[in-house]
Amino acid sequence: MKFKKSALVSAFIVGMATSSANAAQWDITVTNLTHGNHFTPLLLAAHDHDTHLFQVGMPASIPIEHMAECGHLDPLLATPEVGAADTQADPAGGPLAPGASTSSMIMTTNMNNTHLTIVSMVLPTNDAFVGLESQHIPTEAGTYTYYLNAYDAGTEGNDETINPGGPSTCTYTEAGMIPVAPGGDADSGGTGVVTPGTPDTNTSIHIHRGVLGESVATGDGRSDLMNTIHRWQNPVAKVVVTVTP
Amino acid sequence: MELHKKFMLAVTLSLTLGLSACSDDDDGVMSPQPIDASYEVTVTNITNGQPLTPLAVVMHESGFVAWQLGASATEGLEMLAESGSPADFLSASAANTNVIDTASSSNGPFGPGAQESVSMTVTHSMDLQLSVASMLANTNDAFTGVNAWGIGDLAVGESASVLAKVYDAGTENNTESSATMPGPAAGGEGFNSARDDIDVVLIHPGVVTIDDGLMDSALNESHRWLNSAAKIVVQRVN
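The listed protein sequences derive, respectively, from chains A and B.
The opening residue of the first sequence carries number 18 in my numbering; numbering runs sequentially from there.
The opening residue of the second sequence carries number 162 in my numbering; numbering runs sequentially from there.
If you are wondering where the hints come from, they were derived from the structure by calculation, not from laboratory data.
Where hints are given, some of them may not hold.
[Unchecked claim] Simulated DEER-style distance windows between Cβ atoms:
no.: 1; chain 1: A; residue 1: Tyr163; chain 2: B; residue 2: Gly318; range: 22 to 28 Å
no.: 2; chain 1: A; residue 1: Thr188; chain 2: B; residue 2: Ala264; range: 54 to 60 Å
no.: 3; chain 1: A; residue 1: Glu157; chain 2: B; residue 2: Leu230; range: 41 to 47 Å
no.: 4; chain 1: A; residue 1: Thr156; chain 2: B; residue 2: Pro193; range: 30 to 36 Å
[Claimed, not checked] Some, not all, of what chain B presents toward chain A, calculated at C-beta under 7 Å:
no.: 5; residue: Ile207
no.: 6; residue: Asn209
no.: 7; residue: Phe225
no.: 8; residue: Leu387
[As the list claims (entries may be wrong)] Residues from chain B that keep clear of chain A, each with C-beta distances beyond 10 Å, as calculated:
no.: 9; residue: Pro193
no.: 10; residue: Leu230
no.: 11; residue: Ser244
no.: 12; residue: Ser252
no.: 13; residue: Ala255
no.: 14; residue: Gly318
no.: 15; residue: Leu324
no.: 16; residue: Ser338
no.: 17; residue: Gly348
no.: 18; residue: Asp358
no.: 19; residue: Asp373
no.: 20; residue: Ala390
no.: 21; residue: Val398
The C-beta atom is built at its ideal place from N, Cα and C for all residues, glycine as well.
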């Protein structure tokens with residue numbers, strides 16, 4: 018805390034000297050608001066206003082598909098857009114459980130990095146992800162709160178079956194399966210809510226329709242998910258950004 | 162906050178009226194000329210399985226209300242939400258003195274992932290508001306849109322974006338049966354003047370579908386949605 022303060026003071030002095038807009042410190046807390054879903058390692062990226070890691074209504078990029086289907090951040094981290102951004106990858110050091118929060122700090126190194134994007138896969142799903150889409154963060158000191166929706170990447174049919182091979186064998190295909198249920202609270206052996214390999218009707222990024230799941234008592238053996246555990250409503254995450262100019 | 166906004170709108174409205182009265186006077190006093198502003202309204206379907214029907218787009222100022230949560234839908238909105246036809250809603254809106262212009266999209270219903278745009282040029286005022294409505298075709302009477310969205314402060318080149326909620330017109334029971342929904346999943350009836358639901362506009366509870374145990378439903382799990390059905394972007398182009 019003390020260190021942060023003195024860093025802030027010196028940043029302020031530099032700002033006075035150059036009389037130009039400066040780096041800002043964003044303290045960011047992400048809370049998982051779902052009742053029974055985990056978030057895979059989060060990516061937080063501060064970038065300029067022209068950068069869009071994803072856009073609702075547009076097809077997902079390949080790196081976004083890899084994040085949304087398998088939780089992998091490496092393809093995103095290798096893009097030039099993320100390379101030019103100030104980032105925090107996996108601030109929680111692993112999955113973020115239902116109700117859990119993770120706090121981290123981004124110090125923007127470029128005065129043009131005024132927009133924040135956050136992505137993370139929602140598990141257990143085929144290709145749902147929680148997203149903050151290129152949100153402008155005010156430069157004024159203050160605390161700003163945003164609520165996030167769950168989106169469907171549109172790149173994998175929502176068959177709701179879990180890969181018996183586990184997350185290490187996750188594949189980026191229409192017929193891919195859910196890599197894992199981190200809560201250990203899913204079924205197995207489902208035949209598929211949709212025939213595996215059947216694409217979504219909407220193959221662009223759209224609001225996720227939610228999972229169907231099934232109940233233990235009346236399940237018809239199609240879904241591996243539980244309708245009393247794995248359903249959600251939006252918003253699925255709360256993001257609080259405290260800006261220190 | 163809300164009160165403050167309304168007060169500001171009322172002030173702006175009376176100023177606007179005052180100014181136009183001045184320019185009519187032709188009394189030689191310098192008065193600002195009305196400025197035309199052009200807008201492009203683009204609606205993207207972000208559902209997975211719901212075609213959206215042709216857009217009803219209304220540019221208006223304070224005093225026009227397309228719908229109110231907890232109040233009965235107008236007949237025009239009932240027609241739009243049950244059949245998908247925006248015609249009655251638009252003609253009734255155009256008759257309101259606070260409405261500046263109305264428009265519809267021209268390419269019929271548009272499916273998941275598709276988008277429709279409407280361009281309109283209207284006299285600018287700071288009180289300019291945008292209302293948009295469109296039916297989710299595979300439902301009894303669900304519609305999405307925005308209601309009295311203030312766009313008067315958009316500068317040329319600027320745009321604003323919103324994810325539009327899904328409303329239930331409350332005018333038709335949500336049976337989901339094939340006989341009662343006009344969309345491609347059912348092919349049934351559109352408008353019916355009987356109001357056999359609770360007769361107030363509310364947030365839609367969503368569809369149940371046959372996959373979730375409503376055995377008479379013509380819908381399956383692909384037709385479900387959560388919270389939002391459309392992304393609406395308005396850009397001031399001139």
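Less than 7 Å between beta-carbons is the criterion; does isoleucine 207 of chain B satisfy it with respect to chain A? 4 Å, holds
Leucine 230 of chain B non-interfacial with respect to chain A [C-beta, more than 10 Å]: 18 Å, holds
Just to be sure I understand the hint, the distance between the Cβ atoms of threonine 188 of chain A and alanine 264 of chain B should be within 54 to 60 Å; is that true here? 46 Å, violated
Verdict for tyrosine 163 of chain A, glycine 318 of chain B (Cβ pair) under range 22 to 28 Å: For tyrosine 163 of chain A and glycine 318 of chain B the Cβ distance comes to about 25 Å; the hint holds.
Hint validation: leucine 387 of chain B versus chain A, beta carbon distance must be below 7 Å. Holds or violated? 5 Å, holds
In terms of Cβ atoms, is chain A entirely out of 10 Å range of aspartate 373 of chain B? 6 Å, violated
Please check whether the beta-carbon of glycine 348 of chain B is more than 10 Å away from every beta-carbon in chain A. 17 Å, holds
Is the nearest Cβ of chain A still more than 10 Å from the Cβ of leucine 324 of chain B? The claim breaks: leucine 324 of chain B does not keep its Cβ more than 10 Å from every Cβ of chain A (closest is about 7 Å).
Is the nearest Cβ of chain A still more than 10 Å from the Cβ of serine 338 of chain B? 20 Å, holds
Beyond 10 Å from each Cβ of chain A, as asserted for aspartate 358 of chain B: 22 Å, holds
When the least beta-carbon distance from phenylalanine 225 of chain B to chain A is tested against 7 Å, hint result: This interface hint is violated because 28 Å lies over the 7 Å limit.
With 10 Å as the threshold, tell me whether valine 398 of chain B passes as away from chain A on beta-carbon distances. 19 Å, holds
This entry does not satisfy hints 2, 3, 7, 15, 19 and 20, going by the numbered hints stated previously.
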